[in-house]
Every structure is written in structure tokens, then in C-alpha cells.
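*Asks:* In case you want the letters, here they are:
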Amino acid sequence: MENFFLAIALILCFLVLLCLYRGIFGPTILDRIISISVIGTKTTIILVLIGFIYGRMDMFVDISIAYALLNFIATLAAAKFFRTRKSIVLDAKFFKEVGIK
Amino acid sequence: MLTTLAIIFIATGVFFFTTATIGLIRFPDFYCRMQATGKGDTLGALLSLAGLALYYLNNGFSLPTILISIKVMFIAIFIFIANPTATHAITKSGLECGVKPWTKEGIQK
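First to last, the sequence lines map onto chains A and B.
No gaps in the numbering here: position 23 of the first sequence is 23 in the numbering used here, and each next residue is one more.
Count along the second sequence from 1, add 1000, and you get the number used in the numbering used here.
The following block holds chain B by itself, in its conformation from the complex (with noise of 0.2 Å):
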């Protein structure tokens, strides 16, 4: 039952990777980028550290298991109250350094 749904998780982890790497590959503009990766690059890391945590409580539920599987949902939480952070950051300073937004017609001068 939890390798079942570690299984899920993880898989569904790397999709989101993979769209967040096609993302940051194939858009236009370096906002459009940023919002690719600061979205898919946080869902697929929760989704992958949680499915990780499941699948380590196989091993019994004795102290030292629930220990490690609590720290790496410490991961999780952490990657998931930091990384927007940073996206955040970086997309101010650019916003701030004049980086003008794609359209259709090209970049505005």
C-alpha cells in the first residue's frame, strides 16, 4: 500500500519536473521562464520528497524511521517555503535592471 502510492508520487513528482525543464527550455522570455520553473520545480519537489518519505516507513515504525522520514519532509517544506522566495527575488531584480517583457510583436525597445 505505501509503495503504491510512493510510487504515484514520485512519478507524478518527475512529470512536474519534466514540464518545468521544457518549460525553462522552450518559453520566450525570462518571465515566462521564471513562472515555468517556480511553480512546476516546487510541485515536483514536494510531490518527490513525500512519496520518498512514504516509502521509507516500510522499514518499520520505530524512532529512528520516523526520524528520518520527518527530516525529509523537512526537505519538502523547506523547498516549498524557499523557492518561491527566490523566485520572487530574482524576478524583482530583473524587474528592477529594466528586463522588458515578451510580446507578440518582439521585445519592446
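The following block holds chain A by itself, in its conformation from the complex (with noise of 0.2 Å):
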């Protein structure tokens, strides 16, 4: 059964370097956003594997829940303050008007 959980979070990994694809080339601030939450979730997953595989279920569960309860809290506070700045670059084009390659 740990063989199981193994090949799980490894599936889980590869899935989160997917994830980051979309978190490097992005087109908006918004789909990083959307990336780097997607990839929290992931990793509250791996961690709860990771204390199967160690034996070590009474630690990592509370290590996960920390981890769940940040990712919220950070979406939310990037959420908020691109929501009263009101400046999200859409496409290329905002650069080349301005000026920033």
C-alpha cells in the first residue's frame, strides 16, 4: 500500500509542474493567482501522502492543515488587493503603448 501511495503523490508532483506552466507564462496576474492556488491544494494532498509513507500521520496532519488554512488566506489577500488597485495587464499590448518590453 505505500507503493500506491508512492506512485500517488509522484502523479500528484508531475500534476503541480503542469500547474506551474500556466504560473510562469501566464497572460494576467489573475492566472498566476489561479496556478499558485491550484498548486496549494496539490500540496495539501502530497503532505498528507508523505505522513502515510513516513508513519508519521500525527505530525503532518497538522503541518497540512496549516498549509490549507495559508493558501486561503493568501488567495484571498491577492484577490483583495489587485481588486482595489484596479491595474491588471491584459495582453502584450499594455507594454509596447507604454513603452516596457
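FYI, nobody ran anything at the bench for these hints, they're computed from the structure.
Mixed in with the good hints, there may be bad ones.
[To be verified] In silico negatives: residues of chain B with every beta carbon more than 12 Å from chain A:
1. M1001
2. F1017
3. T1103
4. K1104
5. E1105
[Stated by the list, open to error] In silico DSBU-like cross-links for lysine-lysine, where the CA-CA straight-line distance does not exceed 35 Å:
6. B:K1071 - A:K80
7. B:K1104 - B:K1039
8. B:K1039 - B:K1092
9. A:K80 - B:K1039
10. A:K80 - B:K1092
11. B:K1104 - A:K80
12. B:K1100 - A:K80
13. B:K1071 - B:K1100
14. B:K1071 - B:K1104
15. B:K1104 - B:K1092
Even for Gly, the Cβ is constructed at its ideal location relative to N, Cα and C.
Join the two chains into one complex using the hints; note that each chain is given alone, in its own frame.
*Replies:* Next comes the structure, spelled out in C-alpha cells:
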């Protein structure tokens, strides 16, 4: 059963790498925020799986709870920040108009 | 019995995670990506954590075991409440900043 958990954790790590593509090349800032939120959710599951693999569930569950709370707060804070700032770069034309490469 | 149920739950959860990731990469627009991740990720996390909590009950029904299972289910319920809330907040901030939805003719100016 530990091999099954290890395989699931590796699949989730591969999915995190795929999500990181959207985080790096995302056209807008909001795409990157979504990507980070999705990666945080997957990391919560990976932490619980690591607890199963090492046999220390009592410790890793608490770390996982803290990570889930932090992920939620970070996403809400970023959304609120960009909502009050009202300046999201939509595409690359904005940079050409302003003159930044 | 519990092990079989746990394996089915975890495999289904990973399937939903995969669909959410494919949607995040392949969809054309910010709003489309939002709906793919907002639903697929929430359901995947709920099913995976429920499967893990069920599997941990294999160690016997003592008090620490049940307590840890309840903690895992607490994470699942928290994600089930918090993930749609975060999705709603990001979508609303995008709408107020003027992100135009994608149509067949391309992004409207």
C-alpha cells in the first residue's frame, strides 16, 4: 500500500509541474494566482500522503491544516489587493503602448 | 473492505485533479480556467482526503486513530468551503478590473 501512496504522490508532483507552466507563462496576473492556488491544494494532499509514507500521520496532519489555511488566506489577500488596485495587465499590447519591453 | 474503498476514492480524486490541470492548461480564457480549477480541484481534494481518512481507520478504532481521521476530514471540509470562496473572490476581482470574456471571434475590445 505504501507503493500506491508513493505513486499517487509522484503523479501529483507531475501535475504540480504542469500547473507551474500556467504560473510562469500566464497572460494575466490572475492566471498566476489561480495556478498558485491549485498548487497549494495539491500540496495539501501531498503532505498527507507523505505522512502516510513515513508513518507519522499525527505530525503531518497538523502541517497540512496549516498549509490549507495559509493557501486560502494568500489567495484572498492577492484577490483583494488586485481588486482595489484595479490595474491588471491584459495582454502584451499594454507594454508596447507604455514602452516597456 | 476499507482498503478497496480508499483506493477507489483516491483514484477518482486523482482523476479529477488531472482533469482540472488539463483544463487549467488548455482553456483559452481566464474565466474558463477559473471554472475548470474551481470545480475539479475541490472535488478531487474532497475525494482524496476522504479516501485517506478511510484508509487510516485500518489501524483499529482507538481514540487517536479516530481523532486523526476526523482531522483529515476537517481539512477536506475546509477545502470544500474555502476553495469556492477563493474562486469567487478572484473572479470578482477580475470582473471589476475589466477582464473581457473570450468569444469565438477572439477577445472583445
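*Asks:* It remains to establish, for every hint, whether it holds in the given structure.
*Replies:* To see whether the hints hold, each was checked on the structure:
1. M1001: holds (14 Å)
2. F1017: Contrary to the label, F1017 (chain B) does not stay out of reach of chain A, its closest Cβ about 6 Å off (not over 12 Å).
3. T1103: holds (15 Å)
4. K1104: holds (18 Å)
5. E1105: holds (16 Å)
6. B:K1071 - A:K80: holds (29 Å)
7. B:K1104 - B:K1039: Roughly 24 Å separates the two Cα atoms, so the pair holds.
8. B:K1039 - B:K1092: Between K1039 (chain B) and K1092 (chain B) the Cα gap is close to 17 Å, so the pair holds against 35 Å.
9. A:K80 - B:K1039: Status holds; Cα separation ~21 Å.
10. A:K80 - B:K1092: holds (9 Å)
11. B:K1104 - A:K80: holds (30 Å)
12. B:K1100 - A:K80: holds (19 Å)
13. B:K1071 - B:K1100: violated (41 Å)
14. B:K1071 - B:K1104: Cα-Cα ~46 Å, so violated.
15. B:K1104 - B:K1092: holds (23 Å)
In summary, the numbered hints that this structure violates are 2, 13 and 14.
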